[in-house]
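Asks: Take a look at the letters that make up each chain.
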Amino acid sequence: MIQPSHFTAVLLFALFASTVFGITMRDTPRRMFRYGVYCFSLFVGSAIVISWVMFLIAR
Amino acid sequence: MPTPPSKSAAGKSSQQGFVYLPLIAGWLVPGAGHFLVGKRVRGALISISIVCMFALGLGMHGKLYSSAGDILDLLGLLGDLGNGLLFFIGRIAGLGADPVQFTTADYGTKFIVVAGLLNVISAVDAHNLRTGRKES
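Chains as they are written, first to last, in this note's numbering: chain Z, 1 to 59; chain W, 1001 to 1136.
One or more hints might be untrue.
[What the hints assert, rightly or not] Distance windows between CB atoms, simulated:
hint: 1; chain 1: W; residue 1: Ile1048; chain 2: Z; residue 2: Met1; range: 16 to 24 Å
hint: 2; chain 1: W; residue 1: Gly1094; chain 2: Z; residue 2: Pro29; range: 39 to 47 Å
hint: 3; chain 1: W; residue 1: Phe1018; chain 2: Z; residue 2: Ala58; range: 54 to 62 Å
hint: 4; chain 1: W; residue 1: Phe1018; chain 2: Z; residue 2: Met54; range: 32 to 40 Å
hint: 5; chain 1: Z; residue 1: Phe7; chain 2: W; residue 2: Arg1040; range: 42 to 50 Å
hint: 6; chain 1: Z; residue 1: Leu42; chain 2: W; residue 2: Ala1044; range: 19 to 27 Å
hint: 7; chain 1: W; residue 1: Ile1092; chain 2: Z; residue 2: Arg30; range: 39 to 47 Å
hint: 8; chain 1: Z; residue 1: Met54; chain 2: W; residue 2: Asp1073; range: 22 to 30 Å
hint: 9; chain 1: Z; residue 1: Arg30; chain 2: W; residue 2: Gln1101; range: 38 to 46 Å
Hints listed in this document are in silico derivations from the structure and should not be mistaken for laboratory results.
Note that the structure is predicted; figures quoted are calculated from it, not measured.
By construction, the Cβ of each residue, glycine as well, lies at the ideal position given by its N, Cα and C atoms.
Assemble the whole structure, with the sequences as input and the hints as a guide.
Replies: The structure is reproduced here in structure tokens:
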């Protein structure tokens, strides 16, 4: 059984989802790559920000 | 006065044959729709992403929805069905039948559902490439 940490699961999810988003939402390879990186950053960044917010609320 | 060639007329030659083939093939086999329209690298990347996501979901002991008892099960089943043949093979093999007992199993269930939804997006993209709605 695969048991990744929460953060590893976020990274894997963001990687695969960003790849598909980049390919399907843009026309040229360069724009696909840039959009994929943008989506990946938003996925991971928002997960980190929301985690800190929940941590601070729970204190 | 002759009418100028319209975009739809220009794209008619590319619409010959069964235009829904990339959509159906892309749904059944992740990435196959893009292979059919000649976008092999994109098809390979999509295939790797979706198959890995589905396999990781099963590896985490995620659940494959089998019934539509309530609205959440129905939505999960619809998401799972987006995986096409992967879902049916998983069901036939008896995978994903265990109840969710760990946190990672819950992650896995979401991985499987999202893999299905991403596959639907990819299949629609392949269809748009086939019909000319998306240029490249």
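Asks: Hint compliance check: list the failing hint numbers for this structure, sorted ascending.
Replies: Hints 4, 5 are the ones this structure does not satisfy, whereas the remaining hints hold.
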